[in-house]
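Undergrad: Read off the chains here:
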Amino acid sequence: MITPDRYAQAVRDALADLPARDREELLEDLDDHLAEVAAESDAPLEERLGPPEAYAAELRAAYGDRTVAMGKKGRSLRTRLAASRDVLSRLPVYRHAEEFAPELRPAWWVLRGYVLALLLSALSGTRHILPGSPAEWVVVAAFVVVSVWLGRTAREGRPPRAVRAGIAAINALVAIVAMVVVFTAGDWNPRRDDLFYESARDAPVTQRVEMVPSGSLGGDVHNIFPYSKDGRLLEGVRLYDQEGRPITLDLEASDYRIKPVCFGEPPRTNEFPLPLVSVYSLDGDECLPSGLNVPDGVAPTAPPAVPPVEPPAQQPSPGTSPSVSPSGSPSASGSPSPSSSASASPSPSPSRTR
Amino acid sequence: MRTTLRCVDGSQLLKGVLDLAVLAVLAERDSYGYDVVRRLREAGLTEVGDASVYGTLRRLFRAGALTSYVVASDEGPHRKYYGLNDTGRAQLASSARTWAAFSATMDDLLKEGRA
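First to last, the sequence lines map onto chains A and B.
So in full-length UniProt numbering, spot 220 of the first sequence is number 220, and the numbers just go up one at a time.
So in full-length UniProt numbering, spot 61 of the second sequence is number 61, and the numbers just go up one at a time.
Please keep in mind that the hints were generated in silico from the structure rather than gathered at the bench.
A virtual CB, placed ideally from N, CA and C, is assigned to each residue, including glycine.
Covered by chain A, according to a simulated footprint, are these stretches of chain B (three or more residues, beta-carbon under 8 Å):
hint : region
1    : 29 to 43
2    : 50 to 60
3    : 70 to 78
The calculated label-pair distances, taken between Cβ atoms and stated as ranges, are:
hint : chain 1 : residue 1 : chain 2 : residue 2 : range
4    : B       : Ala90     : A       : Arg23     : 26 to 36 Å
5    : A       : Pro44     : B       : Arg41     : 12 to 22 Å
6    : B       : Ala43     : A       : Val93     : 55 to 65 Å
Facing chain B, from chain A, some residues (calculated, C-beta under 7 Å):
hint : residue
7    : His33
8    : Ala35
9    : Glu58
10   : Gly64
So that you can see chain B by itself, here it is in the shape it has in the complex (with noise of 0.2 Å):
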């Protein structure tokens, strides 16, 4: 048995809270899917890969968080844009919570460390 020193990934960290991102965003405005990975890389995460947007996006909509509906566009292809409905929203308030008392936990260890 093998025990490996892990350093802090981004992308793993990222898998973690990529459903509060995504309905952080999405509770700002509805969005398609590449609009999604496009406003999750200019807020800064710049690592977030297109599949796993798209298959959260899915995976949110199975779950009932989301709704969504087709815009028809004359130059480029059908967009399917989401929105929070009150699951999706009581989710998002939730996750935010549980968010904050971890980060707040996090920054308190480091700070200790530190000193």
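Chain A extracted, bound-state conformation (with noise of 0.2 Å):
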């Protein structure tokens, strides 16, 4: 028959592993107690109270859920992922998934060790997919020969805990350099530049609009004015930039806005001059009939649009271009000349307010 004094010791021999001042103050007065309830009955301590670790086990459970809530919470990382993986495995996509994976592992080990040889070259200088010259493909064979190498060993036994953390590092590492590699891999795709060109001539107004704002070209450009070699203004020049799309003059900062056609399309934006009207004109409203898109009343409007003209005017004598000979008189005849219509405009300026 086990003695009180016995049955203590084994209860503290259970309750080990608790903290020395917990078990102290738990255990404080059990031989007492233990004493108490021997001496109530002659029946063995084992067999009224259980054996001395079944005992042990509930004063632990009475005396605190502290010792043993802290045991699970160590666990509880590993339990949840525990959980969350049943769950996931419920469905049958999982399940396939899991099956097929371990499969893949030697592909994987071989693109590790490629990418990992790629980064070592990207971090001496040259960036690319393919390995350049022999040597760099001798690295590259080394570097994948080593990561099957591992791979093989990490399955067959269980490395160090520190080899193994080593190994996930790497494995996230290349995961995410691979990654990377995957999206930026679009920008090494041929310009699309001539597409863009070709889809621009089909349709000439395409939501791709260039738009310049008035100020880049210096002072507040609203209006083109183009002029050819001979002085003379030509007028519906459509304007494009090398991608093909629509230039068109950025109208808001100016006081300025497109007269609208009376009928069918709208004007368009990129065609030169435009026929513009102040938007503090009374006869806003009026329209344009389709078709003309520069009516004498508005090219006045013009700011001084002399500069461009001076140079034609002196051009031909240095021999830059023998082909304009004949010019000079031909613009003298009807065109409105830019001189003419700078001295008829009443000079937009002062009308500004900002």
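Dock the two chains into a complex; use the hints.
TA: Listed below in structure tokens is the structure:
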């Protein structure tokens, strides 16, 4: 028959893992208590209280969830992961993937070595997806071999914790690098300017519109007057940039807007000179008969377009373009010469308030 | 994942209210460990475990709800008596209110189930 002392000692041993202070507090008068219990009856303690280990477990539970809870906390992340894996494994897709994934391992090992080798060469300055020189091919092959060897040994036996952590870190790095390469690979495709140009020719007015901020051309440019070499004002000149996008001016900041067309399509915003009308003008509601972009009334609103005209008048003398020999005389015939329009213009600048 | 249908188990219920039961016994009069066990059993909580009571007493004492003093006896071992202090009485009062509300709710639930 077990004595109260031995029973108490067995309980103490079973609670040896408790912090010393807790254990002392809990077991302070266990001996007295057990002596009391033993004195109550002749039946052996083990019969009345159960085995010391069970008694200890009950004590531990009753004394406080603190010690039990601490043990649980350490496991909680792992248990939670296991629980979410339980949930996932009920999905057939996950089960199939889980069965299939191990077969992809060798491929992953090869990819890992490859990416690591290229990462190394990228750090040394050369950045490309395929190894450039035979030396680089050798390095890549070496990395692949090491990676595969590492993968095989890790699968055979369990490597030490530190090694496993290192491999996990490298795997994460490789996965990130591989993703970055995949997502930036699109930049290496040939440029598509030609395609844009084709589509722009089919439909000259596309959504892609090149806006020229009026300040960027110097001063506030809100209209363009194209002149031919012989000093003739060109009308209906449609401007496009190198990618076939219509060039328009940003009229927001100016005091002008394009005069609407009465019938049919809205006026083209890249057909110069623009039929502008001052936003303050009283007859702003008037519209243009369609098909006629520049009526006489609007041309004068053009700000002094004199500068572009002066060069054509003087140009014939330098021999830059011999083909324009009959210059000067035709311009005088009937077309509105810029100089005359400038004189007729009531110079819109005073009307500006901003 | 398995779910088990758990029958109401006296020992499970007891775990939740053992603190309250021990406080109630000590509110009546101060007692030593084994006396508390005996009185609880006499009151009808026959399943109460010795270790559970002892552990609960120690925990309540650590938590500052009990006072304790040792009474020497000639024929037997020393006995450590426990009694309620103000903290213990406050805890008893609030736990008793919680229990009353809880048991009333359960009574109502069971009545509705029968009707």
